[in-house]
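Chemist: Add 1261 to the 1-based position in the sequence shown for the numbering used here, that's all there is to it.
Read the hints as simulated data drawn from the structure, not as lab findings. Since the model is a prediction, treat every value here as computed from it, not as a measurement. Hints are not guaranteed to be accurate.
Estimated spans, in silico, between C-beta atoms of each pair [stated by the list, open to error]:
#	residue 1	residue 2	range
1	1373	1294	13 to 23 angstroms
2	1275	1378	17 to 27 angstroms
3	1361	1283	16 to 26 angstroms
4	1334	1372	17 to 27 angstroms
5	1312	1353	40 to 50 angstroms
6	1285	1358	44 to 54 angstroms
7	1370	1333	51 to 61 angstroms
Beta carbons are placed, not taken as given, at the ideal position from N, Cα and C, and that holds for glycine.
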Amino acid sequence: MSLLTIVEASKQFNVGRTAIYKAIKKGELTAQINHDGIKVVDAQDMIRIFRPSSKKAVSDPVSENSTQSVSRNSENNDDLIRELREQVKELRQDKDFLKQEISSIRKDFDDYKLMITYKGELVPVETAETVSETEKNSIEKQKKQPEKQVETVIDEPKSEEKKGFFKRLFGA
């Protein structure tokens, strides 16, 4: 049982390290940690899951009959095509899943932005124009107030002078 590091396995089998890590995460591969603290995988498991590339693969014994070799090659090609189609299908599914994740994250982000926005009344910003308008309004209100007060004073009957406590007591 030969053990390969993740980098060695990815080079020998022409597979990305991420694919090996995904296989470990799914449980298809079992990773071990060697005495140096480096993750290693069994070469037999790598062969079982990823099958070595044609450069590193052991060639089949050549049969004497050429029709058998042609049929074997066509079967291998059919198997290879089937595997490639499955991989393409899986990659498309992964791509669709990632697109959905991105759209849901964007939606969540937009929802959070809406939650953060201020929902109270907006206080108008005072500019030179608004300040002059408020001053005019307040001056007009002040001018109107004395007129109303004068009218109320005139309408009221004059009352007698109030007597304090000592005036009432001593009668002066």
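Chemist: Taking the CB of residue 1334 and the CB of residue 1372, does the distance hold inside 17 to 27 angstroms?
Modeler: 56 angstroms, violated
Chemist: Residue 1285 and residue 1358, beta-carbon distance inside 44 to 54 angstroms?
Modeler: For residue 1285 and residue 1358 the Cβ distance comes to about 20 angstroms; the hint is violated.
Chemist: Is the hinted range of 13 to 23 angstroms satisfied by the C-beta distance from residue 1373 to residue 1294?
Modeler: 40 angstroms, violated
Chemist: Could you check the hint for me, namely that residue 1370 and residue 1333 are 51 to 61 angstroms apart, CB to CB?
Modeler: With a Cβ separation near 55 angstroms, residue 1370 and residue 1333 satisfy 51 to 61 angstroms, so the hint holds.
Chemist: Is the hinted range of 16 to 26 angstroms satisfied by the C-beta distance from residue 1361 to residue 1283?
Modeler: Roughly 19 angstroms apart at Cβ, these two residues keep to the hinted range, so it holds.
Chemist: If I claimed the Cβ atoms of residue 1312 and residue 1353 lie 40 to 50 angstroms apart, would that claim hold in this structure?
Modeler: At 22 angstroms between Cβs, range violated.
Chemist: Does 17 to 27 angstroms hold as the CB distance between residue 1275 and residue 1378, or does it fail?
Modeler: Since the Cβ atoms of residue 1275 and residue 1378 sit about 51 angstroms apart, the hinted range of 17 to 27 angstroms is violated.
The structure is inconsistent with the numbered hints 1, 2, 4, 5 and 6, although it conforms to all the rest.
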